[in-house]
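In case you want the letters, here they are:
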Amino acid sequence: MTTMTDPPRASFRLSMLLNDTRYRSYTFQAIALLVLIVAFAYLGNNLLTNLSAAGLNIAYDFLDAPAGYDINQRLIEYDSQSSNARAAIVGILNTLLVAFLACVTATVLGVIAGVLRLSKNWLVSKLMAVYVEIFRNIPVLIWIVIIFTIMIAVLPGPREFRGDGATASMVLGSFAFTNRGIYIPAPVWGPGSMMVVITFIASLIGVFAYRRYAKNLLYSTGRLLPMGWPSLAIFFVPSIVMFFIMGQPIGLDIPELKGFNFKGGIKIGGPLIALWIALSVYTGAFIAENVRAGIQAVSKGQTEAAGALGLRPGRIMNLVVLPQALRVIIPPLISQYLNITKNSSLAIAVGYADVTATLGGITLNQTGRAIECVVLLMLFYLTISLSISFIMNIYNNSVKLKER
Amino acid sequence: MKKSVIFGALTVAGLAAGAAAAGTLDDVKARGTMNCGVTTGLAGFAAPDANGVWEGFDVSVCRAVAAAVLGDATAVEFVPTTGKTRFTALASGEIDMLARNTTWTFSRDVDLKFTFVGVNYYDGQGFMVPSELGVSSAKELDGATVCIQTGTTTELNLADFFRANNISYEPVPIETNAEAQQQYLAGACDVYTTDASGLAATRATFEDPTAHVLLPEIISKEPLGPLVRHGDNEWGDVVRWTLNALITAEELGVTSANLAEMSGGSANPEINRLLGTEGSLGEMLGLDAEWAKRAIAAGGNYGEVFEKNIGENTPIALSRGLNAQWTDGGLLYSPPFR
Amino acid sequence: MSDTHENSVAFVRTETIPEREPPFTASGPVKWMRENLFATPANSILTVLALLFIYLILAKTLPWMLNGIWSTDSLAACREILDGSTGACFSVLTERWNQLLFGFKYPAEFYWRPTLALVLLAVAGAPVLFFDLPRKLLAFTAVYPFLAFWLIWGGTILVPILAFVGVVAGAMVYKRLVTGSFAAGFFGGIGAAIVVWWVGGFLIPEGASDNAMLGAVPSRDLGGFMLNMMLGVTCVSLSVPIGIALALGRQSSMPLIKVICVVFIEFIRGVPLITLLFVASVMLSYFFPPESTVDLFLRVVIMITMFSAAYIAEVIRGGLAALPKGQFEGADSLGLDYAQATRLIILPQALKISIPGIVNVAVGLFKDTTLVSVISMFDLVGMIRGPILASTEWNGVYWELLGFAALLFFVVCYGISQYSQWLERRLATDHR
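Here the protein sequences line up with chains A, B and C, keeping their order. For the record, in the first sequence the residue sitting at position 108 is 1119 according to our numbering, with numbers rising by one throughout. For the record, in the second sequence the residue sitting at position 307 is 1569 according to our numbering, with numbers rising by one throughout. For the record, in the third sequence the residue sitting at position 355 is 712 according to our numbering, with numbers rising by one throughout.
Since the hints were derived computationally from the structure, they do not count as laboratory data. Honestly, I wouldn't trust all of these hints.
Claimed, not checked - Calculated pairs, DSS-like style, for lysine-lysine (alpha carbon to alpha carbon, straight line, at most 27 Å):
{"no.": "1", "chain 1": "B", "residue 1": "LYS1570", "chain 2": "B", "residue 2": "LYS1483"}
{"no.": "2", "chain 1": "B", "residue 1": "LYS1375", "chain 2": "B", "residue 2": "LYS1291"}
{"no.": "3", "chain 1": "A", "residue 1": "LYS1311", "chain 2": "C", "residue 2": "LYS388"}
{"no.": "4", "chain 1": "B", "residue 1": "LYS1483", "chain 2": "B", "residue 2": "LYS1401"}
{"no.": "5", "chain 1": "C", "residue 1": "LYS532", "chain 2": "A", "residue 2": "LYS1131"}
{"no.": "6", "chain 1": "C", "residue 1": "LYS709", "chain 2": "C", "residue 2": "LYS682"}
{"no.": "7", "chain 1": "C", "residue 1": "LYS682", "chain 2": "C", "residue 2": "LYS615"}
{"no.": "8", "chain 1": "C", "residue 1": "LYS709", "chain 2": "C", "residue 2": "LYS615"}
{"no.": "9", "chain 1": "C", "residue 1": "LYS682", "chain 2": "C", "residue 2": "LYS493"}
{"no.": "10", "chain 1": "B", "residue 1": "LYS1291", "chain 2": "B", "residue 2": "LYS1401"}
{"no.": "11", "chain 1": "A", "residue 1": "LYS1269", "chain 2": "B", "residue 2": "LYS1375"}
{"no.": "12", "chain 1": "B", "residue 1": "LYS1291", "chain 2": "A", "residue 2": "LYS1274"}
{"no.": "13", "chain 1": "C", "residue 1": "LYS709", "chain 2": "C", "residue 2": "LYS532"}
{"no.": "14", "chain 1": "A", "residue 1": "LYS1137", "chain 2": "A", "residue 2": "LYS1274"}
{"no.": "15", "chain 1": "A", "residue 1": "LYS1137", "chain 2": "C", "residue 2": "LYS417"}
{"no.": "16", "chain 1": "A", "residue 1": "LYS1274", "chain 2": "A", "residue 2": "LYS1131"}
{"no.": "17", "chain 1": "C", "residue 1": "LYS388", "chain 2": "A", "residue 2": "LYS1137"}
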């Protein structure tokens, strides 16, 4: 208080820079800034000295040069004559692909495991506890290697499908599970298939419209329309009818063993599957714990009150407990998603061509541009992480408990 | 160089006096050991044995250089490097020389600023397939899945080869040789490709080596050799001429067995110059007169090193082929010691 | 009333009936099973599925494990003995036991040193982990890092002693000056330590390590599970103080300090550890002075420490945020300055709340130390994927090795997480 009534401007002494709380923070910040500048100057100077001593420079020209190598898993056009930059983009898309797939399955797995762990069934809850503990306490790298090894060793190679003495056969005649990946039939879009797709989308909208109508009816008049069967019917019947009206325009391209590999259909590569499964089960265990904590955070009074209102247990979970638990579950869930994205960089252990394997792997090896590659790699991950956390902060603020 | 204890404490944790841009030779002498970059493990070329002692063809080159410079073939610190870390390790001075089956290419020599001092193994990229596939030429591999051990120029050669022949393939890049083998043996890929020497080494470890064939095509030139930093010519000369000494020794018939006898003086003046009984070659190099003698004594001449580590009597069972002396129709041709 | 009873009721029981056994289905294991396993049809289906799953797993693994072979010296010999029947080849574990634990280059005659260091770690760690133990044991904890360093790396004992003396000198100067001002004490302490180290550096003779009592081991010879343990322990203990500083900096009212901390934390948390390890292996050497190179172990320790410090900072920030505002205001009203309030009021409470979170970060970090295998360090996973699987004798023994690695990590990490839960329960009672 005295400082306010007694303007010290006239009697400023140098020692006040250290002793007066008003000036001390400036002193500290000035020191910090100085230290920071000196440190960066020192490191930068070392870098320049080292680089010039080795006759190297920092340049990003190599990004335009042809990459020279092939990538087996690619979402966009790419061949060995494409540039290193394009190889990096292929890698980025692969990273996003596996991260997205793993996020979806890990969430499903985690929610199931988390709910089942609270199940009254002793065996099931113990089994889920074992699952969670085993996966949480063993490094993800080991899991990736183990699951990849399982895939390689347990699934048959394509050559075992060959000939009369084949030891393996395709499931349902159209799905091939090999240790190179899973081959599934691909749809072939004939003329008129557009109509079928449009019908399908229309019936999808129809299902939502029906459910909305039924709900409104329930709230306004109390009449309960059946939900399940009509929804299913709206979902399937028009599409199937249209499919036959148009003369079965959509065919299936069933994979076939030709030469060395299965040809046709869609191939989901082995490394992708191994990485996908490993990241899903590993992160699923963490999500299960988050879900459990979230559900337990909802006070028991809520469940009991819902029970007193006459809700069935399934509805209590869906309508009362989960919506409240979600507030607790979502923030750690997002950081798990970020973890999946970051852990997908371990793709390098199974030969999946993610961005760490293309830009930070083969391109780095072949061009020797270590600093440039690592910097770009870090920038990419940083961008992803920051944008996800930015979006999530917005979401968190929107669902924040509005306390009265 | 006196260091304060902050650095002193770190020294034990390994802050070693590294190499400045000039004078690697002096640094190595002052330090008393040489740091040599090798692979993380490739049977026959560089791999630690059960006692953790590094052995192999590339390792012998390092040992010869250490023997020439320091007089002690065991005064080498072997630094395992991956395909990714090797160039940084060399450029930053963490290692003094790199002997890690590294292919001599234009861009590595010119753009990355390294000096390849010679070639200690002429290799080429080949293919291995199970014999039951009945493939007899790499050109029949259309649509095959190919396992590649990454880290050298393998991916690029492969892409060029398949592109030139207008056939398709699916690459499966694998980090370590062990994992590549695992995939290949389980049938997850049809073909395994890497340097022909590596293929031979790998096949030797299989349960049934006869069930796999090496295809006749060698799709690339892979001159593998030791390299040093650009600009330190003194040190480059030491490594270059140590390698040449090993090659010349074989050519002149100097072996570790008759070394003592030969160094007593012989009728051939080049042998005398090599072993330091005549002339002052060692002095010109900044070493003493007996440098080459020690280098040869460390593991024998080039031929002996070859036979001991990767020759026909080892599991790797490589024949000399291109790596025979020029007098035997090979490519090994050391400049004269004069 | 009594006679109406006599007249209307033929028989009145005068004593209670002896208790009967509950029905068979409502007692004992049957009741338990009905309630816990077969309560509803859906539940029963789950139970059957779970049993089937367990059976399938056990049917595959049990014969394999029980039939395991422990005493051959190569996979081929194992296959010969098994002669086609299912069975594991655990001999790889017995034969390569030392390599798995210590790496392939650590001198065999020195194996007792890391082992002793591990045992002593338990002693040194105990007073930190369990508050009930006598506080005097902390003295040993303070000495431990220097002792462990000497045991594992060997070389002259002067270096760890000097390092210790430097720390002691720093601590004494701090004690002396801190009564005046925290900042003076803090910087004075650091300054004193540096002066002692710098001066002492000239006292240690150049070749002191050459024939020391414990032979010197270069750090690139470290490997195996020992390397994972060392990285984990070193980096976690180094990153706690840094994490605290970062967390306080992030809460600071000084904008510059705050910006620096936020940028650092968000940057580190935004990139995967593996890219930081790439930095350590391929970039960091360019940032050190030209005439020196810092070895890989130290570079990795620097990067992992930065990594875990950022995560620990976020945990502690959570702890700080959870403190009621009254604590800060109370401290202010007592006339404590920032350093005093933080040191005496805020941090003790915030750290207590954050301990379980810190332990979680520690477990995660310990697991992440396996990533160093990607940059050619031979930790447990690196040993397995590199030298052991590449060797002619053991080419193809995946399950035994990976299973062993998984088991080892599970035991350690599960132990730590159980400790964390115990701690959480214990700390929770303090609040009631």
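Do the hints match the structure? See the list:
Taking the CA atoms of B/LYS1570 and B/LYS1483, the gap is near 24 Å; set against the 27 Å cutoff, the hint holds. At roughly 24 Å between alpha-carbon atoms, B/LYS1375 and B/LYS1291 fall within 27 Å of each other, so this suggested pair holds. Simply put, A/LYS1311 and C/LYS388 have alpha-carbon atoms about 26 Å apart, close enough for the 27 Å limit, and the pair holds. Simply put, B/LYS1483 and B/LYS1401 have alpha-carbon atoms about 18 Å apart, close enough for the 27 Å limit, and the pair holds.
As the CA atoms of C/LYS532 and A/LYS1131 are separated by approximately 57 Å, the hinted pair breaks the 27 Å bound. At most 27 Å may separate the alpha-carbon atoms for a hinted pair to count; C/LYS709 and C/LYS682 meet this at roughly 17 Å. For the given pair, C/LYS682 sits about 20 Å from C/LYS615 by alpha-carbon distance, which is consistent with the 27 Å threshold. Between C/LYS709 and C/LYS615 the alpha-carbon distance is near 24 Å, which keeps this suggested pair within the 27 Å criterion.
Pair hint C/LYS682 plus C/LYS493 does not hold up; C-alpha atoms about 34 Å apart against a cutoff of 27 Å. A C-alpha spacing of about 52 Å is found between B/LYS1291 and B/LYS1401, which places the hinted pair above 27 Å, so the restraint is violated. About 47 Å separates the Cα atoms of A/LYS1269 and B/LYS1375, which puts this hinted pair outside 27 Å; it is violated. A C-alpha spacing of about 61 Å is found between B/LYS1291 and A/LYS1274, which places the hinted pair above 27 Å, so the restraint is violated.
Restraint check: the Cα-Cα separation between C/LYS709 and C/LYS532 comes to about 24 Å, which is no more than 27 Å; the hinted pair holds. Under the criterion of a C-alpha separation no larger than 27 Å, the hint pairing A/LYS1137 with A/LYS1274 is inconsistent with the structure, at around 44 Å. A threshold of 27 Å between alpha carbons decides the hint, and for A/LYS1137 with C/LYS417 the separation of about 21 Å falls inside it, so the pair holds. Simply put, A/LYS1274 and A/LYS1131 have alpha-carbon atoms about 48 Å apart, too far for the 27 Å limit, and the pair is violated.
Proposed proximity of C/LYS388 and A/LYS1137 is supported: the alpha carbons are some 18 Å apart, at most 27 Å.
Consistency with the previously given hints fails for numbers 5, 9, 10, 11, 12, 14 and 16, ordered from lowest to highest.
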